[in-house]
Each structure stands twice: as C-alpha cells, then as structure tokens.
Amino acid sequence: MLGCHGQIARWKDGLAATFALAGNPNVGKSSVFNWLTGMGVVTANYPGKTVEVNLATTRFKDLEIGIMDLPGTYAMGSASEDQWVARRALLDGAPGAVLVVVDATRLERNLYLPLELLDLGFPVVIALNLVDEAWREGLRIDHIRLSRLLGVPVVPTVAVRGQGLDRLVEVALKEAQSSGLRLSAPRYGRDVEESIARVGERLVKEGIGLPWDLPARAVAVLLLEGDEEALDWARSLPEGGPILGAVEEAAGAIEAGHHEPAPMRIARERHGLAGEIAAKVKSQIRAPSRGQDRFWRLTTAPATGFPILAAVMVGLFATLFYVGDLLSTLLSGAWEAFVSPMIRAAVHAALGEGVASRSLLWGVDAGVLAALSVGIPYVLVFYLMLSVLEDTGYLNSVAFLTDPFMHRLGLHGRAVIPLVAGAGCNVPAIMGTRVLATMRERILASTLVCLVPCSARSAVIAGAVSKYVGWQAAVGIYLITAALGFGAGAAMNRLLPGRATGLVMEMFPFRAPCLRIMLARTWHRFRDFVWVATPVVLLGSFVLGVIYETGLIWAFATPLSPIVEGWLGLPAVAGLTLIFAVLRKELALQLLLTLAIAQYGTGTADLARFMDHGQIFTYALVNTLYIPCIATVAVLAKELGWRRALLISAFTILLALGAGGIAHRIVSLG
Amino acid sequence: MSLSSGLLECLEAIWRLERERSPADLDALAKRLGSDRASTTERVLALQGRGLVQTDLSGRIRLTADGRRTALGLIRTHRLLERFLADLLKLPWERVHEEACRLTPVVSEEVAEGLAGLLGGPATCPHGNPIPAADGGLPEETGTPLHRLKPGQGGIILRIEREEPEMLKHLATLGLLPGTKVEVSEVAPFGGPILIHVGSSRYALGRKVASRVFVREV
Chain A
1 MLGCHGQIAR
11 WKDGLAATFA
21 LAGNPNVGKS
31 SVFNWLTGMG
41 VVTANYPGKT
51 VEVNLATTRF
61 KDLEIGIMDL
71 PGTYAMGSAS
81 EDQWVARRAL
91 LDGAPGAVLV
101 VVDATRLERN
111 LYLPLELLDL
121 GFPVVIALNL
131 VDEAWREGLR
141 IDHIRLSRLL
151 GVPVVPTVAV
161 RGQGLDRLVE
171 VALKEAQSSG
181 LRLSAPRYGR
191 DVEESIARVG
201 ERLVKEGIGL
211 PWDLPARAVA
221 VLLLEGDEEA
231 LDWARSLPEG
241 GPILGAVEEA
251 AGAIEAGHHE
261 PAPMRIARER
271 HGLAGEIAAK
281 VKSQIRAPSR
291 GQDRFWRLTT
301 APATGFPILA
311 AVMVGLFATL
321 FYVGDLLSTL
331 LSGAWEAFVS
341 PMIRAAVHAA
351 LGEGVASRSL
361 LWGVDAGVLA
371 ALSVGIPYVL
381 VFYLMLSVLE
391 DTGYLNSVAF
401 LTDPFMHRLG
411 LHGRAVIPLV
421 AGAGCNVPAI
431 MGTRVLATMR
441 ERILASTLVC
451 LVPCSARSAV
461 IAGAVSKYVG
471 WQAAVGIYLI
481 TAALGFGAGA
491 AMNRLLPGRA
501 TGLVMEMFPF
511 RAPCLRIMLA
521 RTWHRFRDFV
531 WVATPVVLLG
541 SFVLGVIYET
551 GLIWAFATPL
561 SPIVEGWLGL
571 PAVAGLTLIF
581 AVLRKELALQ
591 LLLTLAIAQY
601 GTGTADLARF
611 MDHGQIFTYA
621 LVNTLYIPCI
631 ATVAVLAKEL
641 GWRRALLISA
651 FTILLALGAG
661 GIAHRIVSLG
Chain B
1 MSLSSGLLEC
11 LEAIWRLERE
21 RSPADLDALA
31 KRLGSDRAST
41 TERVLALQGR
51 GLVQTDLSGR
61 IRLTADGRRT
71 ALGLIRTHRL
81 LERFLADLLK
91 LPWERVHEEA
101 CRLTPVVSEE
111 VAEGLAGLLG
121 GPATCPHGNP
131 IPAADGGLPE
141 ETGTPLHRLK
151 PGQGGIILRI
161 EREEPEMLKH
171 LATLGLLPGT
181 KVEVSEVAPF
191 GGPILIHVGS
201 SRYALGRKVA
211 SRVFVREV
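Sequence order for the protein chains is A and B. If you're matching positions, the first sequence starts at 1 in our numbering and goes up one per residue. If you're matching positions, the second sequence starts at 1 in our numbering and goes up one per residue.
Keep in mind that the hints are not guaranteed to be accurate.
As the list claims (entries may be wrong) - These stretches of chain A come out as covered by chain B in the derived footprint (C-beta under 8 Å, 3 or more residues):
id, stretch
1, 104–118
2, 296–302
3, 319–330
4, 417–424
5, 446–460
6, 502–513
Stated by the list, open to error - In silico BS3-like cross-links for lysine-lysine, where the CA-CA straight-line distance does not exceed 25 Å:
id, chain 1, residue 1, chain 2, residue 2
7, B, K208, B, K169
8, A, K61, A, K174
9, B, K181, A, K280
10, A, K282, B, K208
Please keep in mind that the hints were generated in silico from the structure rather than gathered at the bench. The C-beta atom is built at its ideal place from N, Cα and C for all residues, glycine as well.
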C-alpha cells in the first residue's frame, strides 16, 4: 500500500481543485462531506496511525473537485494522533482552501480552529453550520461581519439539509483561484506579535527552507507554541542553535510580560480573540427554548439517567432480537421459496447428483441461507440502531453516566463508546480505542472489546438461544459475559503497570438525527460487513461441505472430542463449527444449521433436534467468549502488536473453555 | 499615593513573583523587569521607604499589606482598562494590552471605579484573567477544587495543579485556562464525572481531573 502522502498525491492528480474539510467533533462535518460527495469514498492511512482521512471527488459545474475529510479535532497540534493526522494530511495535501465547519451555537470555541489554521497560513472558508439550531435558540449571527472580522469568506449552512453547500463550494473555488492574495493572519496582542515577528525574522535571515513551505510566521507561531514537530525540525538543522535561541528569548519575553508560559499565552490570546469576534457578531434576540435541553439533562441527571439508560439498553436488545428475527424469517423464507429451488436445479443440471454437487450446494445454497437467516438481519438492525445512538448524541450521556464504572476497569467514560460499538463489530471498536490516550488504556479497552458480544455473536445468541431456549437464557449469556468482562477488566487494572488518565469530553445536546445520513452510514458499514463476510461464509460452508460429504469431518472431530464432548458436553461436530467460526463468528451457528439441515432436512426445529437446551446454551456461551474472529486478531496485532494479540486470544480461549465447562456442569445438574 | 510608573511596574512584578514562588528575590525581579541589579535595588529601596515592601539581608522581598493592596489596585486598573479599550473603544485586539500598560499608572482610583461602573463590574479582562475586587481582594487564592462545587455553583479557574503537560495543552485548547469562568451543572454519583458549562460549551470532566482544577467561587 502506498503511504498516505503518495495516496493523497495520486488522488489530487487530475482534479481541478481540492478542498480539505476541517472542524470540531460533532459540528456536522460528516453531513457536509456526505452531501458533497455521495458514495465513492476512499480512505487513506499514515503508516502506524489508525486515524483515517477520507478522500472523495465530486462534480461541480463540470469541474472535478476533490474533498479531503480530516478527522474532527479541536485544534491542529501534533500531540494527539487525530490532530497529528489532520495536520499532516493538510500539509501533505496542500488543498486550495480549507473549509472549516463551525457550530453557530458554540461560536467562541469553534473559532479557535480557524484562527489556528489562519496562523498556519491556509486559505480558509468558513461554513457557519447549524444556523437553524442557532435560530431556534434565539441566536442571530451576522455572518457578513464575521467574514470581515476574520478576513475570510463565511457561508451560512444547514448541512443536514444540504442548504448553503453549493454556495460553499462556489465560494471555496473562488478563494482557491485567488489564493495568491492572501488576507492577513490573525493579530494577537502587539507584544506577542512582536515576539512572533522576531522569531520569523530570524527564520528568514537564516535563509533556510521552511517545513512544508509554510510561511515564516506560521513556523514562528508553532515554535513559540512549543510544538514538538516544529522544535524537532529546528533541532535537526545546522542553524538550529541560533533559531532555538531566538525562540527561547521571544518566549521569555512573552512570559515576562504576561506571567504565563508562551504556549498558554498564545492559546489565551487565540481564545480571547475568538471570544471577542464571537461577541461582536452574535446577538441573542430572545431567550433560547429549553425544551430539548431539558430533555437532554434528564439523561445525565443520575435519578432519571440510569433508568433511561436501562430502558434504552433493554429496548436496543429487544429490537435486535425481534426485528432481527422477523427479518431473518422473511429473508430465509423468501430464499427457500424462490431462489433455493432454482439454484438446486441449476447445480444438479450442471454437475449431476453426487459429492461434488452436494458440496457446492453447501456453499451456494445452505451457506447463503445461513447468512440470510443469521448474520445479515441482525447486523443490519444493529448498525441502524448504533447510528441512532451516535447521531442523537445519546452515547455521550452514556459515557457521562458510566465513567465511574469504567474507572474501576482502569478506563474512563469515553471508553464506553468503543465498547458499545463493539456490540456491532469488534474490528472498528478496537480501532476506536484510539480515542484513549495511553497504551495501557488501549490494551484494557481492546481486551474488553473482545469480550463484548458483537452483532455476529449476538446473532448466534438470538438465533440459537433466544429462539430455541428462550429470552431469559439469552439475557443470561449477556449477564455472564458482562460479569466475566468486568472481572477481567478489574483484574487487569490491578495487574498492569501504570495509572488511569482522566476524562475530558465535550458534551453535546441532543440533535434530531438526519435519516438520510443515518441510512447512508448504516449502508456503508453493512456493505463492508457483507463484502468481508459473504465470501468467507460461502468458502467456509463449501470447505465444510467437502469435509462433510467425503466423511472427513469425523476424522477432524475425533481429536477434539475430549474437550468438546467430555468437558463441554457438546456433539463433536459442534466443536468443529466452533473452530470454523474463527473465520467469522456467526459462521458457527450457520454451519451448525447447515449441518442440521443436511442431516435432518429443512424445518424450524432443526437445532432443537440436534442439541438440547443446555447444549445450545453452552455452545452459544463458548462461542461468545472465545477469540472474536480472525479479523479481530489481525486488528489487535496491528494496533497492539502480535505478542499482545496472541496473549489476548489465548486468554479468551481459556476463559471460554472454563466458563463453558462450568456452565455445562451447572446446566446438567438442573 | 502617587508613585512613578517605574515604581508601580516594580510593585506589580513583585506581587506576581510572590504568587509564583514566594518569596520574590532581587535577581528574579531584575530579570522580570528587564533591568540590571543596581537600578532594581534602587527601586526596591524606594518602595521600602514608602512602607510598601520589606526586604531582608539575603535579598528576599516581601510585600506589606499596603503594598499588596496597591499592587492589586494596579492590576484591577490595568484589566479594567483592557475591558474598556476592547469593549467600548473597540480598539483592535492587538493593541489592548499595550495601551492599558501605558495608561495604568496615570489612572486614579476614582477613575478606575468609574470605569468599573461604566462597564457593569466585569469579572475578567478580555483575555479571561480575573479582575480583583475594589477592596483589594483577589482574595486569598487557595481556591476550591472543582469537584467540591455543587450543581449550580460557578467559579473562576485559578490554577490547574499536578497535571500532565498533554492534558494541560488539551484543556487549554478547549479554553479551560486559568481565569476562565466555569459553572457546574451536574455531579454524577458514585465518584463519577462533573458536567460543566464554559461559555456555550459543555464538558464532562472526570473526578480526578476536576480535583486538580482549583477555582475561586463566584
């Protein structure tokens, strides 16, 4: 794979103009991106970094335009990974203009980022988003004045409805074409400016090439802010000594004048300027309507928040089970009634009756049927519900309420987001642990994510336990898993060296989610799932079919029988499907169903004829607990290293065997 | 009391040094004022003659009660002037601090009070630093840790203690700097985080982070 730099360069090739999209988290940046670009999105990675940059192209008045979606950040420093990636992509991509999406209802804080981008010397166009929400809160923003004060174009937008976005692109194009005449950078206090200018002059006097062709003022600001990357650059130069000397002197002058370190003073000046500009352009024409806010407060106030949280969780899993089940019945019914007979006829016509055709049918008929009745319906429903939780902002309230419990596990409330996402799919969830600052937290959170039943495992729980044994048993599996996860987390928190860091998280009020964007996101995730899952399911079914039809399966099953039959009390072939399930978790049940269909013919009570209630329970429990899947192990290895990935995998296998064996013994007592 | 602007500048510098690393010493003071030891000594002695500071043999300098009051009065005037210049005269941002520096020594206490009245008694300068009260109180600034506040209470951040540089930087990016006004709107049970308002933004701070942020209750 090309490095990100190469990828961005290749993507830029042949485009009439490129723009970067920047903004704080949760200001509607992805809505802007979605409206402008549609479906053809590629992602670019920097080696060793997990935060992605999305690249897409769009047509505007016969022009091919590239849009680079940067990670949502509060600033453009080099400290945290998302900021580092955002800044590096911006510097490497050198876009014609940076479209900064700002939240009109939180203008002061949101103006910090565009000021910083202006300091870096980028041409900026402001998308003043959420003006409808500001309007509802009784807030009016004079965008013409804002434009004059900042010296950059400002376009009011309502991104969820696509309003103002055509104009935004038009203005950005104009800005990119006239980029020779750059308006002035922000002006901070004169003494601070003098210090910046002194460092800048020194840089010019040394006559060295500046990194990424930044203007001298930009590099001077970075150096005075104590930016590690800029300082490293200066240290590596032969002329580094005098430059660093000048920086130290100028920083000292700022510190002497204001009695606080230069980086703090610059942050203060920037916030101060942002606040002053915001105060000049906004007016509160009436008291904000507090209805939505009051409802939001109910979800964070402990007395009401915890009951709401419990209700949401129950609702979530009930929907998952019932709607998923409904979809499952519809899809598998349709397949069996219409498609299956045709495929059977076609395969028989081509290959005749025999081992080859029966093996192939395992894959293309029984395999697809299994995917339609187990994987796809539940994953689809889950992704849709996850989108609702994310887009309404409710996940933030969840993080707020659960922080003290996460603390016991050495984590903080932000970790709840990857953990909940883990209930969808462990792979993105483990990637999502990047929101945590330290490796210690990431190891803890990643291990816990592996123990969160993903939608594939939930599908097995729903499709086997809740369908054949009853919902109480299904809930039981979740409770046992949760208890084991909590115990494992608390134990690891004691065993791992180091301490937990604190929670600092912006809280967003509720927003009415936009159906179009939610559906688009669900579709993207679901499509990825289907693309990755279906070939593995078909291939796995086919291979298993060959093994089964040739009778090899029993040879494979025998070595496993002491563990599977003796310790877990399951039929030996069930153990085999558990091993195949390492490919994808829902494969376990699909293969088991396929076996049942092959052995006893079609019908709903297949699994029940194959295994008793206790066996189904034990089977689902073991399936839930041991290694999530090959993809998860690969991601763990990528994020934490192979050694840790294998340790975590081994741990989950032991945990699953232990819990399964005990469950079998308890269940057979009763 | 009329003091030359040089002496006023010296007095303010001593006050700030005392707050940073009490007690102030002559070398640090000279460095901060950007002048040499001899002329700094001269100024300190002049201040001592008026009973505003005390010195000892090892070169340590302490403010007297009078000295502290005068210094706080100066800071109050300076910050009120910054507000006045920024809010009413609409002077460009970059000139506010400097102009106020120039004007501070010549503004009398009455004028300062007039300014405070005109501006409606602002709590902070445009940069967010707190303006001391007229009675000389920037009160004893031990402060209360943020997590001790009850929902509905507010405070101005005095300092953030024992925090990692990364975290300090992140907090600064979000605008959580000393001098920022915050309001607590929710305290989660079981040692959970607290929910604060800063301007129009809301943040959740973990209990541990909050315990390191010291505020002056307002």
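Hint by hint, here is what the structure shows:
no., hint, in the structure
1, 104–118, "holds (count 6)"
2, 296–302, "holds (count 4)"
3, 319–330, "violated (count 0)"
4, 417–424, "violated (count 0)"
5, 446–460, "violated (count 0)"
6, 502–513, "holds (count 8)"
7, B:K208 x B:K169, "holds, 17 Å"
8, A:K61 x A:K174, "holds, 13 Å"
9, B:K181 x A:K280, "holds, 20 Å"
10, A:K282 x B:K208, "violated, 35 Å"
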